[in-house]
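Asks: In my numbering, the protein residues as written are 269 to 636.
Just so you know, not all the hints are guaranteed correct.
[To be verified] Label pairs and their computed distance ranges (CB to CB): (1) Pro564 <-> Gln382: 41 to 49 Å; (2) Ala367 <-> Ala302: 43 to 51 Å; (3) Arg494 <-> Leu374: 42 to 50 Å.
Note that these hints are calculated values from the structure, not bench results. The structure presented is a predicted model; accordingly, all values stated were derived computationally and were not measured. Backbone N, C-alpha and C define an ideal beta-carbon position, used for all residues, glycine too.
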Amino acid sequence: MNNKNNIDVAVVPTPAPALAAGRQPWLGLLGLAAVMLASLALIGCFSGETFASWVTFFVVCGVPVEIVLSMLWRNQYPGWLLSLRQPLRGLAQVGLTLAGAALIALLVFATQAQQVGPPTPFTLMYVIFCVLLTFWLVIAWDCWPLAAVLRHPLALGLGTLLLAYLLGYRLFTWLFDFSALAGAPFYRASLDPHGWVPAFDMLAFAVTTVSVLFACVLLEFWPLSRFPLLARQPGAGLARSALVLLLSAVLYGVGTRWLGIEPVRFMVHGAIALLFGALVPLLMFEGQLFAGSPQPLRGALQLGIAVLAGALLPRLYWAAAPWISGPMSAGAPGYAREFWLASALLAMTFPLLVVFSQFLDFWPLRRR
């Protein structure tokens with residue numbers, strides 16, 4: 269991501285900050301409103317069932333590709349992209365994302381999903397888990413150990429995707445248990461990995477870790493960043509992982525055990541809301557807010573913006589849900605409205621935020 273909170277995974281050099289970034293925060297606010305409206309309009313093109321299954325499955329399969337293009341390759345690779353002007357450059361990256369999503373979706377559907385369609389929660393949770401793992405590999409670990417041996421951007425990008433899905437599959441089979449859902453219409457014993465942790469608990473905690481990870485990005489991993497010994501991998505990855513897992517365990521324990529919030533509700537209205545809120549200062553404001561303040565003050569102020577955005581923006585989607593996709597129940601046992609909100613935020617709006625802010629570089633609001 270090209271902003272003040274850059275993740276240091278540079279195999280491709282980071283481009284110089286755009287002079288037009290001084291138009292923030294109005295550029296980000298206008299872009300955010302446009303992307304949210306476009307997201308809701310696209311969701312309305314599908315039935316609620318189709319959006320929650322096939323559309324979510326396909327788009328989520330494309331998110332790791334977006335991560336590689338924007339965070340690992342910094343929108344600078346493949347090299348031929350640099351010869352294109354906007355919007356052609358952004359559209360070319362969208363094309364690469366769609367091609368990657370199609371390939372990944374076909375492979376997952378033929379293997380992990382056992383060609384059972386429409387995609388079941390077994391498959392949807394697996395591809396979501398792989399997205400979360402991709403964030404971990406790129407942000408917390410700077411793609412180590414692959415980055416230590418694969419210096420070519422293409423090899424590192426493809427290697428990161430392959431590692432995310434293979435490691436994700438192994439962890440998914442070890443950790444996720446769907447036995448509590450054995451009475452649900454979608455349940456198939458052959459697809460249940462019978463892991464160690466109830467599936468909803470595991471997914472909710474995994475999402476919480478990535479929300480905390482993004483909060484740490486806003487703080488530039490302060491106070492860990494103050495120690496030179498933790499600036500290099502694998503020490504940085506170990507320290508970041510320990511910090512994120514500890515904070516996540518505390519938050520998840522307080523929310524679900526002490527306050528008694530159901531895991532799905534905590535995930536959607538807590539962890540996902542915070543994650544979505546963090547995207548506002550990171551992507552839409554390009555990390556420019558409070559740029560003159562030192563850490564941890566700048567990160568704390570940006571985190572405050574993230575919490576505010578996470579508290580307010582998902583409520584707009586929640587209120588719009590029945591108007592866009594028809595009546596749906598909220599809460600146990602189906603959590604239809606909660607899962608719709610999760611998909612609307614992270615399987616539609618988040619990818620479009622990346623397209624607009626990273627691939628298109630805010631075109632047509634910003635012109636170079």
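Asks: Each hint should be assessed against the structure and marked as holding or not.
Replies: These are the hints, each one checked on the structure:
no. : hint                          : in the structure
1   : Pro564 <-> Gln382: 41 to 49 Å : 48 Å, holds
2   : Ala367 <-> Ala302: 43 to 51 Å : 25 Å, violated
3   : Arg494 <-> Leu374: 42 to 50 Å : 46 Å, holds
Violated hints amount to a single one, hint 2; each of the other numbered hints is respected by the structure.
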